[in-house]
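Start from chain A and add chain B according to the hints.
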Amino acid sequence: MPTAQIELQSTIASTPRHSWTFDWPSIELTARELIRQATLERCRQYAPAQPQHDATLSQEAIAALAEQGRIALPARELTSVPDPEEEVQFALAAFTGRRFLLLAGQRQIRELDEVVTLSPLAPLVFIRLIPLQGG
Amino acid sequence: MPAHAFKLDLLQAHWPLLAEQLALASELDPRYAEYTAAHPELSMDFRRWADLCSEILADGESPTLATAWLGRIAEQLPRSQLHRMVHLLALRIESFCLTHPAFERQPDGPRQRVIAVETRFDRQACLLELARQLIGELGEIEAAHEALADWTLEHAMQQMAYWAAGLRVASRPVNWARHTAADTDDFRALMGQITSGQLSFDEDGAWSPTASLHALAFQPGTATHLVRRIRRGLSLAVEQGWLPCASIASFCENHRHLAPLELLSRTRQDWPAAYLPLRETLYEGLRLGLDTVAASPEHSSQLEVSLSMLDYAEAVDPWGSATYFDIAGTTALFWYADRLEQAGDGATISPEWRQLAHVIALEQDETHAVLVRRLRNYSTSTLLQLLQSATWLTEPALFDVLRQAHLEPLRAWVHHYRAEHDPESDPPFGTIAIDEVGPLLAALSPQDWDWLKQHYLPADLAQLLAAIVGHGAAALEKSAMTKHAHLPIMALGLLPLPDNGMRMDACRARYLQLKSLHDAAARYGAQRQANQRQAVQVGLTNLAGNAGFDSPGELEWLIETAEGEALNEWLIGQTIGDYHVCISLESGQQGLIVRNAKGKLLAQAPAAIKKDPVWLAYKAQWEQLQQQRRRFVQVLESHLVRQTWLSPEQLEQAQQHPLAYALIKELVWGDEAGQYGAYRLGLLAHPDGFAEPAGRVRLAHPIEWLQGGTLARWQAWAIGCGMQQPIKQVFRELYVPTPAEIEAGVVSQRYAGRWVSTRQAQGIFKARGWRPSGWSEDAEHSRRLHGTIRAHIDFDFHHHYFTEVPEVVTAGVWFSEAGTPIALTDVPPIAFSEGMRDLDLLIARALLHGADSYSSNESLTARLALISAIAPALGGERIRLANPHVHVDGKRANYRIHLGSGHIHIEPGAYLCVIPDWQSLPKKAVQLPFEDSDARTAEIISKIVLLLDDDQIQDEAILEQLQRSIAPA
Numbered sequence: 001m002p003t004a005q006i007e008l009q010s011t012i013a014s015t016p017r018h019s020w021t022f023d024w025p026s027i028e029l030t031a032r033e034l035i036r037q038a039t040l041e042r043c044r045q046y047a048p049a050q051p052q053h054d055a056t057l058s059q060e061a062i063a064a065l066a067e068q069g070r071i072a073l074p075a076r077e078l079t080s081v082p083d084p085e086e087e088v089q090f091a092l093a094a095f096t097g098r099r100f101l102l103l104a105g106q107r108q109i110r111e112l113d114e115v116v117t118l119s120p121l122a123p124l125v126f127i128r129l130i131p132l133q134g135g
Numbered sequence: 001m002p003a004h005a006f007k008l009d010l011l012q013a014h015w016p017l018l019a020e021q022l023a024l025a026s027e028l029d030p031r032y033a034e035y036t037a038a039h040p041e042l043s044m045d046f047r048r049w050a051d052l053c054s055e056i057l058a059d060g061e062s063p064t065l066a067t068a069w070l071g072r073i074a075e076q077l078p079r080s081q082l083h084r085m086v087h088l089l090a091l092r093i094e095s096f097c098l099t100h101p102a103f104e105r106q107p108d109g110p111r112q113r114v115i116a117v118e119t120r121f122d123r124q125a126c127l128l129e130l131a132r133q134l135i136g137e138l139g140e141i142e143a144a145h146e147a148l149a150d151w152t153l154e155h156a157m158q159q160m161a162y163w164a165a166g167l168r169v170a171s172r173p174v175n176w177a178r179h180t181a182a183d184t185d186d187f188r189a190l191m192g193q194i195t196s197g198q199l200s201f202d203e204d205g206a207w208s209p210t211a212s213l214h215a216l217a218f219q220p221g222t223a224t225h226l227v228r229r230i231r232r233g234l235s236l237a238v239e240q241g242w243l244p245c246a247s248i249a250s251f252c253e254n255h256r257h258l259a260p261l262e263l264l265s266r267t268r269q270d271w272p273a274a275y276l277p278l279r280e281t282l283y284e285g286l287r288l289g290l291d292t293v294a295a296s297p298e299h300s301s302q303l304e305v306s307l308s309m310l311d312y313a314e315a316v317d318p319w320g321s322a323t324y325f326d327i328a329g330t331t332a333l334f335w336y337a338d339r340l341e342q343a344g345d346g347a348t349i350s351p352e353w354r355q356l357a358h359v360i361a362l363e364q365d366e367t368h369a370v371l372v373r374r375l376r377n378y379s380t381s382t383l384l385q386l387l388q389s390a391t392w393l394t395e396p397a398l399f400d401v402l403r404q405a406h407l408e409p410l411r412a413w414v415h416h417y418r419a420e421h422d423p424e425s426d427p428p429f430g431t432i433a434i435d436e437v438g439p440l441l442a443a444l445s446p447q448d449w450d451w452l453k454q455h456y457l458p459a460d461l462a463q464l465l466a467a468i469v470g471h472g473a474a475a476l477e478k479s480a481m482t483k484h485a486h487l488p489i490m491a492l493g494l495l496p497l498p499d500n501g502m503r504m505d506a507c508r509a510r511y512l513q514l515k516s517l518h519d520a521a522a523r524y525g526a527q528r529q530a531n532q533r534q535a536v537q538v539g540l541t542n543l544a545g546n547a548g549f550d551s552p553g554e555l556e557w558l559i560e561t562a563e564g565e566a567l568n569e570w571l572i573g574q575t576i577g578d579y580h581v582c583i584s585l586e587s588g589q590q591g592l593i594v595r596n597a598k599g600k601l602l603a604q605a606p607a608a609i610k611k612d613p614v615w616l617a618y619k620a621q622w623e624q625l626q627q628q629r630r631r632f633v634q635v636l637e638s639h640l641v642r643q644t645w646l647s648p649e650q651l652e653q654a655q656q657h658p659l660a661y662a663l664i665k666e667l668v669w670g671d672e673a674g675q676y677g678a679y680r681l682g683l684l685a686h687p688d689g690f691a692e693p694a695g696r697v698r699l700a701h702p703i704e705w706l707q708g709g710t711l712a713r714w715q716a717w718a719i720g721c722g723m724q725q726p727i728k729q730v731f732r733e734l735y736v737p738t739p740a741e742i743e744a745g746v747v748s749q750r751y752a753g754r755w756v757s758t759r760q761a762q763g764i765f766k767a768r769g770w771r772p773s774g775w776s777e778d779a780e781h782s783r784r785l786h787g788t789i790r791a792h793i794d795f796d797f798h799h800h801y802f803t804e805v806p807e808v809v810t811a812g813v814w815f816s817e818a819g820t821p822i823a824l825t826d827v828p829p830i831a832f833s834e835g836m837r838d839l840d841l842l843i844a845r846a847l848l849h850g851a852d853s854y855s856s857n858e859s860l861t862a863r864l865a866l867i868s869a870i871a872p873a874l875g876g877e878r879i880r881l882a883n884p885h886v887h888v889d890g891k892r893a894n895y896r897i898h899l900g901s902g903h904i905h906i907e908p909g910a911y912l913c914v915i916p917d918w919q920s921l922p923k924k925a926v927q928l929p930f931e932d933s934d935a936r937t938a939e940i941i942s943k944i945v946l947l948l949d950d951d952q953i954q955d956e957a958i959l960e961q962l963q964r965s966i967a968p969a
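Line by line, the protein sequences give chains A and B. Take the first sequence: its position 107, counting from 1, is numbered 107 in the working numbering, and each next residue is one higher. Take the second sequence: its position 846, counting from 1, is numbered 846 in the working numbering, and each next residue is one higher.
Treat the hints with care, as some may be off.
Stated by the list, open to error - Partial list, derived from the structure: chain A residues whose beta carbon lies under 7 Å from chain B:
| # | residue |
| --- | --- |
| 1 | T39 |
| 2 | S58 |
| 3 | I71 |
| 4 | P82 |
| 5 | Q108 |
| 6 | R110 |
Said to hold, decoys possible - Far from chain A by the CB rule (all over 12 Å, computed), these chain B residues:
| # | residue |
| --- | --- |
| 7 | S196 |
| 8 | E253 |
| 9 | H255 |
| 10 | S265 |
| 11 | S584 |
| 12 | P929 |
It should be emphasised that the hints constitute simulated quantities derived from the structure, not laboratory data. No experiment lies behind these values; they were computed from the predicted model shown. Ideal placement from N, C-alpha and C gives every residue a C-beta, glycine not left out.
The following block holds chain A by itself, in its conformation from the complex:
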């Protein structure tokens, strides 16, 4: 399978938050496949993080946290390991239901079948949307 190793960073609002280097099937792929791969990677990131057997605070971390007045372990992001395939379907449905935006550089991806070209110059951004109603 042809692969392309591209490091993608979403650096828009603040510091780099999401940096994933992994093997994409191709540098050109449909939005459907892109969402699938991103969701699967996200699920893979969770898997080893559960359960947090090694989670303790170091002496330095304790001192730093005490400055802020609260000493506690960072919150767990998930309580159970997600089922990857279920998550993919859920994410695809959310995309069609306009529950989030997918931007590639200066371009907004609107259809699942649209082809996206991966490039470090055109960062991928996922943005949550909130359902609105008239008041």
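Frame of chain A, contents of chain B only:
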């Protein structure tokens, strides 16, 4: 002399100086220039002056500005003139403002008030308005400013002189009471003029201690403020010996409503000898007042004013609550007794007689024997009436005369109990130490009980004491269990326990009753729930004392763990037909276990045994065990927060209980020698081995490790040995004061300014033992953490009850000890950490949709950066950012969205109401690496996306608004 003699022209003459100092203090002219440059769109000059004026006043720095202004005036004028000038300003600023066209009088109800008309504003009007508003601040800043403090005293005296002479002068109020303690010569002179009936004013119309140009007669008004001030002044005159006794006495005879009756709360020996005749005059005046009211009740309001300045006590007695006035000596008591005697049975006597029969101090010659001798002259019915308003000073003599002297020890106990216990005290009312009062009650005869209930004991205390000796036990139990009446709930723990082998069983039954009442409280609203649970807690404390335990925690532990041995038979199990059932507590296999004849584990109970009584018993037992586990965890959690000590025997007993042992072995305990360790078979297991516990043990609170620098080590160890803690202990979130909090002193702003859902907040408050406190319009909540230490949180709230609005904004957090706020650094570390932990939980759970502060600068900057980065992809030139708005060109209209609030306006101005529809947002999150954005940012981006394609909108509520706003164009 005209009433408004205080000359305006004097103010007129000095105004340029006052105004220029005000302009300099407020930097008026540079600010005007700056404002003009910043707002070129304001073409009218009056608008600039008016806006600038409101801006200066709205800065919240008025007290600072007023102080700065007066400081500047003080540099320009000699001290005597400074007082004069500020006083003049305070008295006449409104009249002076009216000389400028920008001010006019307008009717305001029955009165008129001066208002400022903005369209006529200029620099002068701006200064006048500033002066007018700042003078109002004087009352606030007087204490902080030395020069002002003595000015305000003078001002207070001027006011009093005007009022005393019957002149009504508009004047800014000052805190008069704060200034009348000073024994200045002027004040003494003023009181002298008032009592002699002549007040002197100088040529400017100001009161003067010496001038005699204008003399006005003293006008004995009845306005409360005047009455209070003159009485206070007379009291001072007596204390300081300023004026001859005879002149004060004759003044009081002529003006009875001004007589300082409050001096009667001092005993004879506390009076200056020369003034003792005045004391008799005051008593005589009081008696005459009472007689007048008795003869013609229409005069009662005058007496009420006279009495209202007496110190008083609210007392709750068997006949309801009543107000008593504090009077020294028994003079008024015997007046009352004489009236009762004359009136005979059934006659009504005006209540003031009784209110004054409340003796707070005895004269030297009023010994017990003297009182008894005098009281013997009265009938029993009179004596019983006197008992109703008796104090601790008169009660013993009354008991003696009523032939109840043998009840004296109990009377003394009751008296102390009532003085020391109320629902807010610690321990609260209802908590009774049976070992103290039990022997006193045991000695009572049935006649004694009847007499006490009928004549002495308040109904609630009578019920509690009766429970101790077992009177009416059945009715009491019924009332507690079926009606959930709070007093009977408290009394449940006081009911006698059998002295035989059944004692522990009876104690356990009571304990379970109280626990069920604790659970049953869940059905009620917050206040009743908290009250019922407090009653249960009192009941448990009483029960613990009754059964001989030091604390309710010990009782809970012992009762709950003593059930351990009985558990074994359930663990071994039983055979039902072809099946074998048992309860398993093994980790990973907890629950009811059913095996078939071949020993195979069944997933669920087969139909064949489902109705078998044995199976049903096992099922019920399992449910009970689950409840018990929850109670154990509750006990342990409260032991951790309250740092309850347990004896080694208690832990050993718990070790016999499979459920309890499973819990305690996963927790770290600390002993009296400062050793820590997980409790394993009687030893404390710690990172370096094992230790024998020394003395009592308690659950270690990790804040101690934080302070000792060993927290990381304990955490690593807990992970290493795979501890699975039933309550968060080693990894408990810890909270310590931050540098900002240490600097702030008493109030922490750590959790302030967050929008929280009241419904969720209320749930968390209930679960964590917080209760609403304060008045109806106050949403303060507090929790008792340790001893008398409480944590408090306030809300920015102006409603009637907490859940009246769906969301509120949090305000400051503070701690109190015995009701007094204490510095955050003085809060015991465990109490601080636990209080803040509850509130952190509150913020985490009840915070609205993860929204952080409404629009902090930081989040606004991040929002702006994100939106500007994605704007080209979303809509290109159709989206333009102009802080604080983002402009969106739609297909039907153009819009602007506020970046802070998210509000939308259809250009040029109509408001378009679009709100998040949280209901239709799925609970489940999409697993994608989303850009980090707060809820408000997501809302604004969603609105941009919606408005870009406004021709696609289907929501009717939005469409209707659009049509309404766009159609006219």
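Hints and how they fare:
no. : hint : verdict
1   : T39  : holds, 5 Å
2   : S58  : holds, 6 Å
3   : I71  : holds, 4 Å
4   : P82  : holds, 6 Å
5   : Q108 : holds, 5 Å
6   : R110 : violated, 11 Å
7   : S196 : holds, 65 Å
8   : E253 : holds, 66 Å
9   : H255 : holds, 61 Å
10  : S265 : holds, 49 Å
11  : S584 : holds, 23 Å
12  : P929 : violated, 4 Å
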